[in-house]
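Peer 1: Chain by chain, the residues run as shown.
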Amino acid sequence: MFRSTVLMTFAAPAVVLAIAPAPLAGQHAAPEQLGQPTAVVVSGPEVGTEAPDFLLSWAGRDGLGPIDRPFTLRAHRGKVVVLLFYPKDFTPTCTVEMASFGDRYDELFGPGVVVAGINADSLETHARFAARLNLPFPLLTDPGQRVSRLYGSADRDGYNRRTVYVIGPDGKVAYRDVRFNPLDPRAYDELRRAVQAARAGV
Amino acid sequence: MAAGMLAASMTLVSPGAAPLGVAPLAAQEAAPGVGAKAPVVTVNDLEGEPVDLGAFIGRKPVLIEFWASWCGSCHQLLPAIRAAHGRYGDRVEFLGINITVNDPPERVRRYLAEHAPPFRVLYDDQGASVRAFDVPATSYVVIIDRTGTIVYTGSGGSQRLEPALRRVVEH
Numbered sequence: 005m006f007r008s009t010v011l012m013t014f015a016a017p018a019v020v021l022a023i024a025p026a027p028l029a030g031q032h033a034a035p036e037q038l039g040q041p042t043a044v045v046v047s048g049p050e051v052g053t054e055a056p057d058f059l060l061s062w063a064g065r066d067g068l069g070p071i072d073r074p075f076t077l078r079a080h081r082g083k084v085v086v087l088l089f090y091p092k093d094f095t096p097t098c099t100v101e102m103a104s105f106g107d108r109y110d111e112l113f114g115p116g117v118v119v120a121g122i123n124a125d126s127l128e129t130h131a132r133f134a135a136r137l138n139l140p141f142p143l144l145t146d147p148g149q150r151v152s153r154l155y156g157s158a159d160r161d162g163y164n165r166r167t168v169y170v171i172g173p174d175g176k177v178a179y180r181d182v183r184f185n186p187l188d189p190r191a192y193d194e195l196r197r198a199v200q201a202a203r204a205g206v
Numbered sequence: 002m003a004a005g006m007l008a009a010s011m012t013l014v015s016p017g018a019a020p021l022g023v024a025p026l027a028a029q030e031a032a033p034g035v036g037a038k039a040p041v042v043t044v045n046d047l048e049g050e051p052v053d054l055g056a057f058i059g060r061k062p063v064l065i066e067f068w069a070s071w072c073g074s075c076h077q078l079l080p081a082i083r084a085a086h087g088r089y090g091d092r093v094e095f096l097g098i099n100i101t102v103n104d105p106p107e108r109v110r111r112y113l114a115e116h117a118p119p120f121r122v123l124y125d126d127q128g129a130s131v132r133a134f135d136v137p138a139t140s141y142v143v144i145i146d147r148t149g150t151i152v153y154t155g156s157g158g159s160q161r162l163e164p165a166l167r168r169v170v171e172h
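First to last, the protein sequences are chains A and B.
So in the working numbering, the last spot in the first sequence is 206, and the numbers never skip.
So in the working numbering, the last spot in the second sequence is 172, and the numbers never skip.
Each hint should be verified, as a subset may be incorrect.
[To be verified] One side only, chain A facing chain B, incomplete, derived with CB under 7 Å: (1) Thr97; (2) Ala103; (3) Val118; (4) Asp188.
Derived by calculation from the structure, the hints in this document are not laboratory data.
This structure is a prediction, so every number in the text was calculated from the model and none was measured.
Ideal placement from N, C-alpha and C gives every residue a C-beta, glycine not left out.
Kindly generate the complete structure, drawing on both the sequences and the hints.
Peer 2: This is how it looks when you write it as structure tokens:
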């Protein structure tokens, strides 16, 4: 199955192209439906599997990215890529999460690693948010959450769950945290170690 | 076919050993909510000294706020915390656990010097309590009765703490 869709918003030119050979955007299944309140159902590409390619418009601290140069996963093949799915710009917890990634960028990621934040906010909002926090990485806009669903990160309410993927230079998922808690210092340590491990494989 | 693909793309994660490349599961388990026993963990204070929450939980009523100096909701909640402490501070242990992310000790100390929140300050630089309570946001308040059972959880700058506090001191 090959699916591709192009969505344009009127507020800002945002391009979404999900190139998804396989994984369906799995719906989040409530644990209670399975009768296991202590279990969590997650979807999206598993560790060791191919990370679905996609194409999204982006903005950064210097403004909107060129419309003819959207972010694609395929363009970064050969590098370690970190995808940071998060709910919403300018909310308190997202702010501290993204600020932590920005402030600790060198320590957490290091040179040669491609980092991108993703949620459904507009390009204009992303540009303001990235400028406010002086983020050294782009924020991708996924207005229909099509890509977020591919990665099992879209919640039912239109926001993304906090999900982190580290994708190796071979394009496969090297690490994922399907419930990244930005208030837990250890979550950042785990991510740093995962990025280091993926970089060691470059 | 679609159902099969969907099943293949979904994983039931149950508590246990984390497979390689997957984040540990402790934080993925259900958060302890109202009616559950409060987890008892050890958290450092600002001087790096370990403090066993078991010294309070299960021994007397406890109010915990997970906070940060950059948290606007926490600051907004401070008058309510002060009022609650003024009324119940002699019977309820008030703990303020700083979540430490983007909040270095020197900044925390400046905040404490300026605003003097009325709780015993802990500095969870290991994240033990954040994981154990599965803290969803700063300004997250947990009120625990003297048996160690959680009777209230909430977050935000305008929480009504009075009913839960009255309950834990009367029972």
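Peer 1: Look at each hint and say if it fits the structure.
Peer 2: Hints and how they fare:
Interface restraint check: threonine 97 of chain A against chain B, minimum CB-CB distance 5 Å, threshold 7 Å, status holds. Against a cut-off of 7 Å between C-beta atoms, the interface hint on alanine 103 of chain A holds, since the closest Cβ of chain B lies about 6 Å away. Taking 7 Å as the C-beta cut-off, the interface hint given for valine 118 of chain A is violated, the closest approach to chain B being about 19 Å. With its C-beta approaching chain B no nearer than about 4 Å, aspartate 188 of chain A sits inside the 7 Å limit, and its interface hint holds.
Hint 3 from the earlier list is the only one contradicted by this structure; the remaining hints agree with it.
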